[in-house]
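Dock chain Z with the ligands against the given chain X, drawing on the hints supplied.
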Amino acid sequence: MSEQIGTVTWISGPVVRARGSRYVGMLELVEVGEERLVGEVIGLNGDIITVQVYEETSGMKPGAPMYGTGLPLSVELGPGLLKSIFDGVQRPLPLIEIESGSFIGRGMRLDPLYRKDRWKFTPTAKAGDVVSRSAIIGTVMETETFEHRIMVPADLSGTLSWVAPSGEYTIEEPIAKLKVGNQEKILTMLQRWPVRKPRPYLNRLRGTTPLITGQRVLDTFFPVSKGGAAGIPGPFGSGKTVTQHSIAKWADAQVIVYIGCGERGNEMTEVLQEFPHLVDPRSGRPLMERTVLIANTSNMPVAAREASIYTGITIAEYYRDMGYHVALMADSTSRWAEALREVSGRLEEMPAEEGYPAYLAGRLAEFYERAGYVETMNDHIGSVTIVGAVSPPGGDFSEPVTQHTKRFIRCFWALDKSLSSARHFPSINWLDSYSEYLDDVAEWWQEKVGKDWLKMRNHAMELLSEESRLSQIVKLVGPDALPDEERLVLETSRLLREGFLQQNAMDKVDAYSTIQKQIRMLELILHFHERGLRIVKHGAPISLIHNLPIVDTLIRMKSLIPNEELEKMEDIQKQIDEQMSQLDAEYR
Amino acid sequence: MSDVIVQSGQEVVGVGRITGPIMIVEGASNVSYDEVVEIRDGQGNLRRGRVLEVGEKTCVVQIFAGSTGLSIDGTRVRFLGDTLRIPVAEEMLGRVFDGLGNPLDGGPQPLTDHYADVNGQPINPTARIYPRDYIQTGISAIDGLNTLLRGQKLPIFSGAGMPHDQLAAQIVRQATLGAATDAPASGQVEQFAIVFAAMGVKHDVANFFRRSFTDSGALTRVAMFLNLADDPPVERLVTPRAALTLAEYLAYERGMHVLVILTDMTNYCEALRQISNIRGEVPSRKGYPGYLYSDLASMYERTGRIRTSEGSITQIPILTMPSDDITHPVPDLTGYITEGQITLGRELDHSGIYPPIAVLPSLSRLMKDGIGQGRTRGDHPRWGAQLYAAYAHMQDVRSLASVIGEEELGEVDQKYLKFGRAFEKEFVNQSLTENRTIEQTLSIGWRLLSMLPKDELTRVSLDELKQYYKGDDADH
Ligand SMILES: Nc1ncnc2c1ncn2[C@@H]1O[C@H](COP(=O)(O)OP(=O)(O)OP(=O)(O)O)[C@@H](O)[C@H]1O
Ligand SMILES: [Mg+2]
Numbered sequence: 001m002s003e004q005i006g007t008v009t010w011i012s013g014p015v016v017r018a019r020g021s022r023y024v025g026m027l028e029l030v031e032v033g034e035e036r037l038v039g040e041v042i043g044l045n046g047d048i049i050t051v052q053v054y055e056e057t058s059g060m061k062p063g064a065p066m067y068g069t070g071l072p073l074s075v076e077l078g079p080g081l082l083k084s085i086f087d088g089v090q091r092p093l094p095l096i097e098i099e100s101g102s103f104i105g106r107g108m109r110l111d112p113l114y115r116k117d118r119w120k121f122t123p124t125a126k127a128g129d130v131v132s133r134s135a136i137i138g139t140v141m142e143t144e145t146f147e148h149r150i151m152v153p154a155d156l157s158g159t160l161s162w163v164a165p166s167g168e169y170t171i172e173e174p175i176a177k178l179k180v181g182n183q184e185k186i187l188t189m190l191q192r193w194p195v196r197k198p199r200p201y202l203n204r205l206r207g208t209t210p211l212i213t214g215q216r217v218l219d220t221f222f223p224v225s226k227g228g229a230a231g232i233p234g235p236f237g238s239g240k241t242v243t244q245h246s247i248a249k250w251a252d253a254q255v256i257v258y259i260g261c262g263e264r265g266n267e268m269t270e271v272l273q274e275f276p277h278l279v280d281p282r283s284g285r286p287l288m289e290r291t292v293l294i295a296n297t298s299n300m301p302v303a304a305r306e307a308s309i310y311t312g313i314t315i316a317e318y319y320r321d322m323g324y325h326v327a328l329m330a331d332s333t334s335r336w337a338e339a340l341r342e343v344s345g346r347l348e349e350m351p352a353e354e355g356y357p358a359y360l361a362g363r364l365a366e367f368y369e370r371a372g373y374v375e376t377m378n379d380h381i382g383s384v385t386i387v388g389a390v391s392p393p394g395g396d397f398s399e400p401v402t403q404h405t406k407r408f409i410r411c412f413w414a415l416d417k418s419l420s421s422a423r424h425f426p427s428i429n430w431l432d433s434y435s436e437y438l439d440d441v442a443e444w445w446q447e448k449v450g451k452d453w454l455k456m457r458n459h460a461m462e463l464l465s466e467e468s469r470l471s472q473i474v475k476l477v478g479p480d481a482l483p484d485e486e487r488l489v490l491e492t493s494r495l496l497r498e499g500f501l502q503q504n505a506m507d508k509v510d511a512y513s514t515i516q517k518q519i520r521m522l523e524l525i526l527h528f529h530e531r532g533l534r535i536v537k538h539g540a541p542i543s544l545i546h547n548l549p550i551v552d553t554l555i556r557m558k559s560l561i562p563n564e565e566l567e568k569m570e571d572i573q574k575q576i577d578e579q580m581s582q583l584d585a586e587y588r
Numbered sequence: 001m002s003d004v005i006v007q008s009g010q011e012v013v014g015v016g017r018i019t020g021p022i023m024i025v026e027g028a029s030n031v032s033y034d035e036v037v038e039i040r041d042g043q044g045n046l047r048r049g050r051v052l053e054v055g056e057k058t059c060v061v062q063i064f065a066g067s068t069g070l071s072i073d074g075t076r077v078r079f080l081g082d083t084l085r086i087p088v089a090e091e092m093l094g095r096v097f098d099g100l101g102n103p104l105d106g107g108p109q110p111l112t113d114h115y116a117d118v119n120g121q122p123i124n125p126t127a128r129i130y131p132r133d134y135i136q137t138g139i140s141a142i143d144g145l146n147t148l149l150r151g152q153k154l155p156i157f158s159g160a161g162m163p164h165d166q167l168a169a170q171i172v173r174q175a176t177l178g179a180a181t182d183a184p185a186s187g188q189v190e191q192f193a194i195v196f197a198a199m200g201v202k203h204d205v206a207n208f209f210r211r212s213f214t215d216s217g218a219l220t221r222v223a224m225f226l227n228l229a230d231d232p233p234v235e236r237l238v239t240p241r242a243a244l245t246l247a248e249y250l251a252y253e254r255g256m257h258v259l260v261i262l263t264d265m266t267n268y269c270e271a272l273r274q275i276s277n278i279r280g281e282v283p284s285r286k287g288y289p290g291y292l293y294s295d296l297a298s299m300y301e302r303t304g305r306i307r308t309s310e311g312s313i314t315q316i317p318i319l320t321m322p323s324d325d326i327t328h329p330v331p332d333l334t335g336y337i338t339e340g341q342i343t344l345g346r347e348l349d350h351s352g353i354y355p356p357i358a359v360l361p362s363l364s365r366l367m368k369d370g371i372g373q374g375r376t377r378g379d380h381p382r383w384g385a386q387l388y389a390a391y392a393h394m395q396d397v398r399s400l401a402s403v404i405g406e407e408e409l410g411e412v413d414q415k416y417l418k419f420g421r422a423f424e425k426e427f428v429n430q431s432l433t434e435n436r437t438i439e440q441t442l443s444i445g446w447r448l449l450s451m452l453p454k455d456e457l458t459r460v461s462l463d464e465l466k467q468y469y470k471g472d473d474a475d476h
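If you read the sequences in order, they're chains X and Z. Start counting the first sequence at 1; every next residue gets the next number (our numbering). Start counting the second sequence at 1; every next residue gets the next number (our numbering).
Next comes chain Z alone, as it looks inside the complex:
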């Protein structure tokens, strides 16, 4: 492993205590909080760590690669005098790095003297530009009902075995800057730079993404940071931060539009819990530390647009909900920070719907500012509200039908049931390669709404009904 920072500092021989990936170092002076250390084991192998707590004579160090093979007397610790930094450069696109930002692809260290602190700094709210430009993903359930904007953080809430990777890869393949339906075609498709961070995922998953980027010709626009399932868990705490550090450089200093995929945040949180438990911190829910919210926010908030740059960072973190439980601390705290969520549904998945996006528990909070007249199309906001309302009502009808039987339903409710099935099969469902325009998405929606009686559609305006409604009781 090559070293990112080569710098001399004071060295201490021997450590006081080692518990899991945490070690207590005694006798070092002039140590600073959050400083990086270089640890040399008895065989001379190097690994790195970071100071978590510092007192006058002792300090607590977290070892990224874990403590296997370290001994009390044979370990040397060198304090490097700086916080953790990684090199950042445009030429890192097209490259693969480990979870700490060292090259994994056999290529050289990026040639740059620009090193950035992986912790970043908070964006001043006065310096932000509120996101307003939508990203067309070609996926109806997203573009139509949970529109993604440039500069938004919109996670995918999934569960084990569901096709979140396929969905994320499809978004990466198809994402383009959206335009209004009545805008003249500009002919140019603006492409995103992609920063991909894997935390504790299987080799298969990393390979799947790599193949997908290669197949779509995106590989030269992708920087990958990989901490896989068999890599040291503590390193995972750095991986998303390293990725975001590069993303910030690309977006805010090179003016690029960057899409960041972080997967799987649940693994990240487990690593954080492990460290917290070893340190004996008071846990809050399910053993996770009380600062999990702030810790997640320190990454998710590294998204958006700022006034001094053309670029943007859009984040799509992926997380698997343990036992599909959306109230589990990881999805729960994520949902409290992100600007909505795309939630995948087990039932839809079982009935063969792809992407199995459960629209009711999904939400894009920024959508309202990126759609409508001049952005997508004038009827979009109310069209969306209507589809939501109709589908929500259909759920009630469906559960009633399961009690009293479908034939016992009134005429209107039967129509709702039909609408619901068609909505899932024709609107939500689409193929892995189907790339729908916003216009197509809107017209499928109107076709489905036209299955319902006109006076049920109270969310859309009367003018819109006149223009788009094609049902039995449409005016001819």
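Looking at chain X on its own, in the form it has when it is part of the complex:
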């Protein structure tokens, strides 16, 4: 299927040049050398073809053949994606292990989706139906609870001339025939889509539903809406990966695409070993069953790292098009940007800031633009939410990747080294972070919990920023110089920080809070403040308020009260009232 299109003339790491045909297309997939290493055309100049190769090029020689495929870099889509782990160009890592052992060998050509599995196909369309692009023509249970909707390819429409009856089929067997003009196309459950081309949808809608992650600082303070885009920048060790893992575990999305892009091997292994044993609270099934993993770790070829982001987002869009809510995690987008920079450097392109190519911002924009809450081509509602980690050198947010990312996201979760070294986790700085989705999702909260979430949230934020101002003074003169009312602000803020914002991902009870638990916790802490304020005005000294047993209870309630036993919170409220009234009585 592939013919020789050129001969290699130059090799430098992942970048290879060849002389040959002028008919090769930009971004065409090619194969290089006798080992047929896969690469992608990234430059054309006369008869010189420049290619980035997705594998190690050691041992390659000028004179080696280059073959064309006529196709752009694409992913395979169809049943069997869930539970998979692929490398950056969608090679199935478990099969690679079977082929080449514990270490990843070269020149491996393996089908991303397993061909032999038979899937039970149930048609939902019939011969004679006129179908448009992405129309749903049948379903397959991809896992015990997940319905995979089989769609007409997103670039075809026409009249169905035949639909297979219910039955078991492999992904390569025909399940329908589509008349397009006077051509008849055979449809299978297996489709391909070029990764660099966003999949089409009908309309982009305003997302008004938050992606609930069970992480209090995110859901309550800095929510991202379904279809939104969030960035998590932070220095090393500040908690980007733990936060992303927590979201992958607990977020109320139906499909999770997790891209380990230039990060650690052990972190992917952790997900692989943990997710099959964790139960999705919504489906009751192992978390792995809603997850697709893309692992192109830091020691794997750098060009495939560049591709991994696109591979992941295309798979996410495919599930979105079925009418699902998908959350995509990319850890870390900085490593992806560095891959761009490395290839650009080898091409000797003019660098812009810090050696990054001038098109960095454009590429970031293209990526984040693929997030969205949409009406799909088949009239369903689906979404892709993107959460991208950013790893700024030296933790300095003024660097290009963080700065450009900020332009394309609306939710910024700024991790803070001083919080993480004080073991305040997640170390999301509440003063530097922001969410532009607050107003979008406020109504949803009102509906779900029947309380004015936004008002409470804003009140808590005011206390926290007041605390920050006051602690400047405390640093200079000590806390005793402040009036008791202000010291109460410090006390309540401590409760907010230690009792609410801090959330231990390793603690069974604390790792995930329902929104009901979140709002109730917040309410109790604010209630403490309100009552405290009243009795302080009557003369109760702050030192005694600080020593009330309820303070300890409020800090511990996150890990003492499970999501299912929220009625226990009533008791805490009673204790607040009792202890405060008693103190008040003494000082009135």
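There is no bait here: all hints are sound.
Derived, one-sided and incomplete: chain X residues facing chain Z with beta-carbon distance under 8 Å:
#1 F236
#2 S298
#3 S421
To list a few chain Z residues with every Cβ distance to chain X over 10 Å, as calculated:
#4 A89
#5 G107
#6 T181
#7 I278
Don't read these hints as lab results, they were simulated from the structure. None of these values were measured; they are calculated from a predicted model. All C-beta atoms, glycine included, are put in the ideal place defined by N, C-alpha and C.
Chain Z with the ligands only, in chain X's frame:
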């Protein structure tokens, strides 16, 4: 110098251009990318190099030993047709090699026909086993608060003049496979094979390690790869890879537990920067090449456990932070790849604390999976969180005290100050030969926490307080 690979290949006489350790060779055909070359100078002396870039008529070669003494016309270059390989064998333990893997101790070439590519291959994430077994180092600040696991990469971030070598040597001497406090004593101490790579360090340092290995009787379990300060800098780019290649063989093919010490990664990075600058590459921060992250990862990721072998590789790279700056590209990019870091603090060092481990900027990311019930002791995770929280709060109190004076502090804050001093003196501080059990470490920690009022200790559970808290307001 004896040659590792003796193989014939095409030879080219004369080179096009020589700039520092880089040379352009013209007129060679059939050259492959990353191939090893053998360079013969006018006097017939041999050195080796590697192809960095190859075109139809010219190729760029990096010369490991540098270009001193090479001339344009008198230099012969032979292309060996293979990537750089070193012999690997169990009998290399107990031996000393140069930075390219040739014997330095006067002994023979290792007798083996097993030659492995120094670049290795990436471990498939599906083939890994997630590390879970802790290593007892006998050092409280590590075992208690930054627990090291088998298969972890945990660097030491240090600065010029700080005792990182002593600390690394102590870890090597004392490291044993950890056991839970309530586990029956197995009586057998599992020992590590040690692969030691020196990049650009002084003779003193290499000698210090050699003496320390000899004194503790470990020498027969150690393979040393030495590229010292006066050895060619470019060779440094191979040294850690040669060491890791042997480590991989020992761990994954011979099933051994291997501890790899790499020192000093800062020197390695400087050599890489030098080559990059000579080649005129676009620099990123501080002149280091944009691919420094990937380059470091290609070594640090050669750590861990795999399902097909009993063995493991644990890495302790050492690096000195230029001007103690943790945001410098070398520590910064290292921290982004490794699974935490042990950071040494200048102030602790000045106040005579050994090991001067600054616990707040230190971190072991894998710790959570290797401690607790059945591994160390049930209270360990929360005990650690509590010590961290208390010590972090103490830092704020300390800086407040330096402004308003200690006597102006409230009663509780004064207790924190006392706790902080005792923590540094009694927990972090220990002697060069003191080997504490995990039980001892935990009980010192509880003794210190007991200096604080009970209601300050919100990270530990109420049951743990009941069992271990011995302070004034303990229930009697
Ligand atoms: N929510 C949390 N609860 C408890 N511990 C946490 C939490 N978040 C982070 N940590 C701790 O911080 C460590 C570092 O977190 P993480 O690995 O997520 O950092 P990172 O920002 O991804 O760093 P890098 O950029 O180097 O990958 C973890 O190993 C864990 O010990
Ligand atoms: Mg991370």
